[in-house]
Amino acid sequence: MALELSSFKCGQDAPIYSVVEEIIETSGTPYFAFKDIDENKPSGSIRIRIETMAYSLGRYREELARRRRAMDEIEDRLHALERTLHAGSSEPVDPGPADAPTSRVHEDRTAVR
1423 MALELSSFKC GQDAPIYSVV EEIIETSGTP YFAFKDIDEN KPSGSIRIRI ETMAYSLGRY
1483 REELARRRRA MDEIEDRLHA LERTLHAGSS EPVDPGPADA PTSRVHEDRT AVR
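With the working numbering, the residue at position 38 of the sequence shown is 1460, and numbering never jumps.
Hints in this document: simulated from the structure, not taken from any laboratory. Hints are not guaranteed to be accurate.
[Claimed, not checked] Just the calculated beta-carbon pair ranges, DEER-fashion:
#1 G1510 with L1425: 53 to 59 Å
#2 D1435 with R1505: 53 to 59 Å
#3 R1483 with A1509: 34 to 40 Å
#4 M1423 with D1494: 21 to 27 Å
#5 E1495 with E1443: 31 to 37 Å
#6 I1438 with T1474: 23 to 29 Å
#7 D1435 with G1480: 18 to 24 Å
#8 A1509 with G1480: 27 to 33 Å
Glycine included, every Cβ here is placed at the ideal spot set by N, Cα and C.
Full structure from sequences and hints, please.
In structure tokens:
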């Protein structure tokens, strides 16, 4: 999680704020910014922001868990397919890399599926 706290977004380092924010968001890291926290009476707005952070992190955790379940399901399917293939063959089957193409091209350039 990345957290930015600032009272004033001006000065010599102002040009890098958007660059840093873009890098953090591109990495998929949850990013929260508390800007202008010295304005008026910040205690109420900070409390709302913290509640929003807690909610957002909860949603992020749910998304990570959903992705993990999806990956586990894919792994289970792959293992089941490997067992099926092994049962029908006396030789071990190498599934190859996950991003391998679904067809192979022989020397004569004939596609085989």
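Now for the hints, and whether the structure bears them out:
{"no.": "1", "hint": "G1510 with L1425: 53 to 59 Å", "in the structure": "holds, 55 Å"}
{"no.": "2", "hint": "D1435 with R1505: 53 to 59 Å", "in the structure": "holds, 57 Å"}
{"no.": "3", "hint": "R1483 with A1509: 34 to 40 Å", "in the structure": "holds, 39 Å"}
{"no.": "4", "hint": "M1423 with D1494: 21 to 27 Å", "in the structure": "holds, 25 Å"}
{"no.": "5", "hint": "E1495 with E1443: 31 to 37 Å", "in the structure": "holds, 34 Å"}
{"no.": "6", "hint": "I1438 with T1474: 23 to 29 Å", "in the structure": "holds, 25 Å"}
{"no.": "7", "hint": "D1435 with G1480: 18 to 24 Å", "in the structure": "violated, 32 Å"}
{"no.": "8", "hint": "A1509 with G1480: 27 to 33 Å", "in the structure": "violated, 43 Å"}
In summary, the numbered hints that this structure violates are 7 and 8.
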